[in-house]
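Once you know that position 41 of the sequence shown is 41 in full-length UniProt numbering, the rest is easy, because the numbers rise by one and skip nothing.
Derived from the structure by calculation, the hints contain no laboratory data. It should be emphasised that the depicted structure is a prediction, and the values quoted were computed from it without experimental measurement. Don't take each hint at face value.
[Said to hold, decoys possible] List time: in silico PhoX-like cross-link candidates among lysine-lysine, alpha-carbon distance up to 20 Å: (1) 174 x 153; (2) 96 x 65; (3) 18 x 96; (4) 149 x 12; (5) 174 x 149; (6) 96 x 12; (7) 12 x 49; (8) 96 x 61; (9) 69 x 267; (10) 69 x 96; (11) 49 x 260; (12) 96 x 20.
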Amino acid sequence: MKDILEEIVAWKRFEVAKYKETISEREIHTLAERLSDCEVPSMKQALDKSETGIIAEFKRKSPSKGWIKQGGRASEIPLSYQTNGASAISILTDEKYFGGHDDFIREARNSGVTIPILYKNFIIDEYQLFQARISGASAVLLIAADLRKDTCKNLIRTAHELRLEVLLEMHNEKELEYCELEPDMCGINNRNLGSFVTDIQTSFRLASLLPYDTVKVSESGISSAITINQLRMAGFQGFLIGENFMRADNPGAALRDFIKQTDNMQKQS
(Lines of atoms letter the chains of each structure in order from A and count residues from 1; the text may use other names and numbers.)
(Lines give C-alpha, C1' and ligand atoms only; values in the text may rest on other atoms or scores of the structure.)
Protein backbone atom coordinates (compact mmCIF):
# COMPACT_ATOMS: atom_id res chain seq x y z
CA MET A 1 0.00 0.00 0.00
CA LYS A 2 1.25 3.45 -0.85
CA ASP A 3 2.42 5.79 1.87
CA ILE A 4 -0.74 7.74 2.75
CA LEU A 5 0.26 9.53 5.94
CA GLU A 6 1.04 12.71 4.04
CA GLU A 7 -2.31 12.45 2.28
CA ILE A 8 -4.17 12.07 5.57
CA VAL A 9 -2.44 15.07 7.14
CA ALA A 10 -3.16 17.21 4.07
CA TRP A 11 -6.82 16.24 4.33
CA LYS A 12 -6.83 17.13 8.03
CA ARG A 13 -5.67 20.66 7.27
CA PHE A 14 -8.51 21.05 4.78
CA GLU A 15 -11.01 19.43 7.14
CA VAL A 16 -10.08 21.63 10.11
CA ALA A 17 -10.41 24.74 7.94
CA LYS A 18 -13.95 23.66 7.03
CA TYR A 19 -14.81 23.03 10.69
CA LYS A 20 -13.66 26.54 11.56
CA GLU A 21 -16.10 27.93 8.99
CA THR A 22 -18.94 26.12 10.76
CA ILE A 23 -17.92 26.79 14.37
CA SER A 24 -15.38 29.58 14.80
CA GLU A 25 -12.38 29.24 17.06
CA ARG A 26 -13.92 31.81 19.37
CA GLU A 27 -17.15 29.82 19.59
CA ILE A 28 -15.45 26.50 20.26
CA HIS A 29 -13.27 28.10 22.95
CA THR A 30 -16.45 29.33 24.64
CA LEU A 31 -17.98 25.86 24.49
CA ALA A 32 -14.89 24.38 26.12
CA GLU A 33 -14.82 27.06 28.83
CA ARG A 34 -18.29 25.97 29.92
CA LEU A 35 -16.79 22.57 30.71
CA SER A 36 -13.87 23.91 32.73
CA ASP A 37 -15.30 22.56 35.98
CA CYS A 38 -16.25 19.17 34.52
CA GLU A 39 -13.82 16.45 35.51
CA VAL A 40 -12.95 13.59 33.18
CA PRO A 41 -11.37 10.32 34.35
CA SER A 42 -7.57 10.05 34.05
CA MET A 43 -6.35 7.56 31.48
CA LYS A 44 -2.85 7.66 32.89
CA GLN A 45 -4.04 6.71 36.37
CA ALA A 46 -6.38 4.05 35.01
CA LEU A 47 -3.54 2.32 33.16
CA ASP A 48 -1.12 2.70 36.04
CA LYS A 49 -3.53 1.02 38.47
CA SER A 50 -5.14 -1.53 36.15
CA GLU A 51 -4.35 -5.23 36.25
CA THR A 52 -5.15 -5.66 32.55
CA GLY A 53 -4.19 -2.30 31.01
CA ILE A 54 -6.30 -3.01 27.93
CA ILE A 55 -7.43 -0.01 25.90
CA ALA A 56 -10.25 -1.45 23.80
CA GLU A 57 -10.74 0.42 20.54
CA PHE A 58 -13.94 1.31 18.75
CA LYS A 59 -12.72 1.23 15.15
CA ARG A 60 -15.16 0.65 12.31
CA LYS A 61 -12.82 1.04 9.33
CA SER A 62 -9.16 1.31 8.33
CA PRO A 63 -7.49 2.69 5.18
CA SER A 64 -5.68 -0.58 4.53
CA LYS A 65 -8.50 -3.08 5.22
CA GLY A 66 -11.68 -1.16 4.55
CA TRP A 67 -14.75 -1.65 6.72
CA ILE A 68 -14.20 -3.76 9.82
CA LYS A 69 -17.66 -3.31 11.37
CA GLN A 70 -19.62 -0.75 9.37
CA GLY A 71 -22.72 -1.14 11.50
CA GLY A 72 -20.88 -0.94 14.82
CA ARG A 73 -22.72 1.33 17.26
CA ALA A 74 -20.90 3.75 19.55
CA SER A 75 -23.92 3.60 21.86
CA GLU A 76 -23.38 -0.13 22.42
CA ILE A 77 -19.83 -1.41 21.87
CA PRO A 78 -17.86 1.01 24.13
CA LEU A 79 -20.23 0.34 27.04
CA SER A 80 -19.84 -3.38 26.41
CA TYR A 81 -16.07 -2.89 26.55
CA GLN A 82 -16.42 -1.15 29.91
CA THR A 83 -18.71 -3.88 31.27
CA ASN A 84 -16.28 -6.58 30.22
CA GLY A 85 -13.14 -5.16 31.81
CA ALA A 86 -11.52 -2.52 29.60
CA SER A 87 -9.24 -0.11 31.46
CA ALA A 88 -9.90 2.62 28.90
CA ILE A 89 -11.50 3.01 25.48
CA SER A 90 -10.06 4.44 22.29
CA ILE A 91 -12.55 5.89 19.80
CA LEU A 92 -11.56 6.70 16.24
CA THR A 93 -13.03 10.09 15.32
CA ASP A 94 -11.60 10.48 11.81
CA GLU A 95 -14.48 10.11 9.37
CA LYS A 96 -12.93 9.85 5.90
CA TYR A 97 -10.30 7.17 6.56
CA PHE A 98 -11.60 5.39 9.67
CA GLY A 99 -15.37 5.83 9.54
CA GLY A 100 -15.40 7.70 12.85
CA HIS A 101 -16.98 10.84 14.26
CA ASP A 102 -16.73 13.09 17.33
CA ASP A 103 -20.33 12.19 18.10
CA PHE A 104 -19.23 8.62 18.80
CA ILE A 105 -17.61 9.81 22.03
CA ARG A 106 -20.78 11.67 23.00
CA GLU A 107 -22.85 8.58 22.24
CA ALA A 108 -20.53 6.43 24.35
CA ARG A 109 -20.74 8.84 27.29
CA ASN A 110 -24.53 9.09 26.97
CA SER A 111 -24.77 5.29 26.99
CA GLY A 112 -23.09 5.18 30.41
CA VAL A 113 -19.35 4.95 29.70
CA THR A 114 -17.49 6.46 32.66
CA ILE A 115 -13.95 5.11 32.14
CA PRO A 116 -11.32 7.15 30.25
CA ILE A 117 -11.85 7.68 26.52
CA LEU A 118 -8.99 8.42 24.14
CA TYR A 119 -9.82 10.79 21.26
CA LYS A 120 -7.97 9.12 18.40
CA ASN A 121 -7.43 11.21 15.32
CA PHE A 122 -4.65 12.90 13.35
CA ILE A 123 -4.31 16.09 15.40
CA ILE A 124 -2.39 18.86 13.68
CA ASP A 125 -4.21 21.97 15.02
CA GLU A 126 -5.19 23.05 18.53
CA TYR A 127 -8.77 23.47 17.29
CA GLN A 128 -9.02 19.68 17.36
CA LEU A 129 -8.11 19.66 21.05
CA PHE A 130 -11.16 21.79 21.74
CA GLN A 131 -13.22 19.35 19.67
CA ALA A 132 -11.91 16.53 21.85
CA ARG A 133 -12.72 18.38 25.06
CA ILE A 134 -16.31 19.19 24.18
CA SER A 135 -16.92 15.65 22.94
CA GLY A 136 -16.18 14.19 26.38
CA ALA A 137 -12.72 12.71 25.87
CA SER A 138 -10.22 12.18 28.68
CA ALA A 139 -7.09 12.14 26.54
CA VAL A 140 -5.90 12.82 23.01
CA LEU A 141 -3.48 11.05 20.72
CA LEU A 142 -0.60 13.09 19.31
CA ILE A 143 1.52 11.43 16.62
CA ALA A 144 5.17 12.42 16.46
CA ALA A 145 5.35 11.56 12.76
CA ASP A 146 2.66 14.18 12.04
CA LEU A 147 4.15 17.04 14.01
CA ARG A 148 7.17 19.25 14.28
CA LYS A 149 8.60 19.13 17.77
CA ASP A 150 7.73 22.74 18.60
CA THR A 151 4.16 22.20 17.35
CA CYS A 152 3.86 19.07 19.47
CA LYS A 153 5.08 20.97 22.52
CA ASN A 154 2.45 23.66 22.04
CA LEU A 155 -0.29 21.09 21.53
CA ILE A 156 0.66 19.30 24.74
CA ARG A 157 0.53 22.58 26.64
CA THR A 158 -2.91 23.46 25.25
CA ALA A 159 -4.22 19.95 25.93
CA HIS A 160 -3.17 20.24 29.56
CA GLU A 161 -4.81 23.65 29.84
CA LEU A 162 -8.01 21.93 28.68
CA ARG A 163 -7.50 19.17 31.28
CA LEU A 164 -6.82 16.61 28.59
CA GLU A 165 -4.04 14.07 28.97
CA VAL A 166 -1.76 13.24 26.07
CA LEU A 167 -0.74 9.88 24.66
CA LEU A 168 2.27 10.65 22.46
CA GLU A 169 2.73 8.05 19.75
CA MET A 170 6.14 7.18 18.28
CA HIS A 171 7.30 4.62 15.72
CA ASN A 172 11.10 4.64 15.67
CA GLU A 173 14.25 5.62 17.52
CA LYS A 174 14.41 9.10 16.00
CA GLU A 175 10.96 10.03 17.24
CA LEU A 176 11.86 9.09 20.83
CA GLU A 177 13.38 12.55 21.29
CA TYR A 178 9.78 13.78 21.61
CA CYS A 179 9.67 12.08 25.04
CA GLU A 180 11.45 15.10 26.48
CA LEU A 181 8.22 17.05 25.95
CA GLU A 182 6.87 15.08 28.94
CA PRO A 183 3.58 13.71 27.65
CA ASP A 184 1.35 11.92 30.14
CA MET A 185 1.82 8.59 28.35
CA CYS A 186 4.27 7.34 25.74
CA GLY A 187 2.95 5.05 23.03
CA ILE A 188 4.77 2.83 20.58
CA ASN A 189 2.73 2.06 17.48
CA ASN A 190 3.69 -1.27 15.95
CA ARG A 191 1.99 -0.24 12.72
CA ASN A 192 3.82 2.04 10.31
CA LEU A 193 1.31 4.78 9.52
CA GLY A 194 2.70 5.25 6.05
CA SER A 195 2.82 1.67 4.78
CA PHE A 196 0.47 0.15 7.41
CA VAL A 197 2.88 -2.76 7.87
CA THR A 198 2.65 -4.06 11.45
CA ASP A 199 5.58 -5.45 13.45
CA ILE A 200 5.09 -6.16 17.16
CA GLN A 201 8.87 -6.23 17.60
CA THR A 202 8.81 -2.43 17.33
CA SER A 203 7.53 -2.24 20.92
CA PHE A 204 10.10 -4.69 22.24
CA ARG A 205 12.93 -2.88 20.42
CA LEU A 206 12.01 0.57 21.75
CA ALA A 207 10.73 -0.30 25.25
CA SER A 208 14.03 0.11 27.08
CA LEU A 209 14.66 3.45 25.35
CA LEU A 210 11.51 5.06 26.78
CA PRO A 211 11.74 7.05 30.05
CA TYR A 212 11.70 4.66 32.99
CA ASP A 213 8.94 6.44 34.92
CA THR A 214 6.51 7.03 32.05
CA VAL A 215 3.31 5.07 31.45
CA LYS A 216 4.09 3.00 28.36
CA VAL A 217 1.48 1.90 25.83
CA SER A 218 1.93 -0.63 23.02
CA GLU A 219 -0.42 -0.06 20.09
CA SER A 220 -1.59 -2.22 17.18
CA GLY A 221 -0.92 -5.81 16.15
CA ILE A 222 -1.69 -7.32 19.56
CA SER A 223 -3.78 -10.46 19.20
CA SER A 224 -2.70 -12.94 21.88
CA ALA A 225 -2.49 -13.22 25.65
CA ILE A 226 1.11 -14.39 25.28
CA THR A 227 2.04 -11.10 23.60
CA ILE A 228 0.35 -9.10 26.37
CA ASN A 229 2.38 -10.86 29.06
CA GLN A 230 5.60 -10.43 27.11
CA LEU A 231 4.91 -6.73 26.61
CA ARG A 232 4.13 -6.34 30.31
CA MET A 233 7.48 -7.92 31.18
CA ALA A 234 9.11 -5.43 28.80
CA GLY A 235 7.65 -2.56 30.84
CA PHE A 236 4.34 -1.71 29.14
CA GLN A 237 1.26 -0.90 31.24
CA GLY A 238 -1.18 -0.21 28.39
CA PHE A 239 -2.18 -2.30 25.39
CA LEU A 240 -4.32 -0.78 22.66
CA ILE A 241 -6.33 -3.43 20.80
CA GLY A 242 -8.92 -2.72 18.13
CA GLU A 243 -9.37 -5.04 15.17
CA ASN A 244 -8.99 -8.19 17.25
CA PHE A 245 -12.20 -7.27 19.11
CA MET A 246 -14.09 -5.32 16.45
CA ARG A 247 -14.01 -8.23 13.97
CA ALA A 248 -15.80 -10.45 16.50
CA ASP A 249 -19.59 -10.78 16.41
CA ASN A 250 -19.65 -9.50 19.99
CA PRO A 251 -16.63 -7.23 20.67
CA GLY A 252 -17.36 -7.00 24.40
CA ALA A 253 -17.49 -10.77 24.79
CA ALA A 254 -14.28 -11.07 22.77
CA LEU A 255 -12.61 -8.68 25.21
CA ARG A 256 -13.91 -10.66 28.20
CA ASP A 257 -12.53 -13.92 26.79
CA PHE A 258 -9.21 -12.28 25.97
CA ILE A 259 -8.84 -10.99 29.53
CA LYS A 260 -9.60 -14.47 30.90
CA GLN A 261 -6.87 -15.93 28.72
CA THR A 262 -4.44 -13.28 29.92
CA ASP A 263 -5.34 -13.89 33.57
CA ASN A 264 -4.94 -17.64 33.21
CA MET A 265 -1.55 -17.22 31.58
CA GLN A 266 -0.38 -14.92 34.38
CA LYS A 267 -1.43 -17.47 37.00
CA GLN A 268 0.52 -20.20 35.23
CA SER A 269 3.69 -18.15 34.92
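For each hint, the structure was consulted:
1. 174 x 153: Between residue 174 and residue 153 the Cα gap is close to 16 Å, so the pair holds against 20 Å.
2. 96 x 65: 14 Å, holds
3. 18 x 96: 14 Å, holds
4. 149 x 12: Cα-Cα ~18 Å, so holds.
5. 174 x 149: Distance ~12 Å between residue 174 and residue 149 Cα, so the pair holds.
6. 96 x 12: 10 Å, holds
7. 12 x 49: Violated: residue 12 and residue 49 sit about 35 Å apart, past 20 Å.
8. 96 x 61: Holds. Residue 96 to residue 61 sits at ~9 Å (cutoff 20 Å).
9. 69 x 267: 33 Å, violated
10. 69 x 96: 15 Å, holds
11. 49 x 260: Satisfied, since the Cα-Cα distance of roughly 18 Å is no more than 20 Å.
12. 96 x 20: 18 Å, holds
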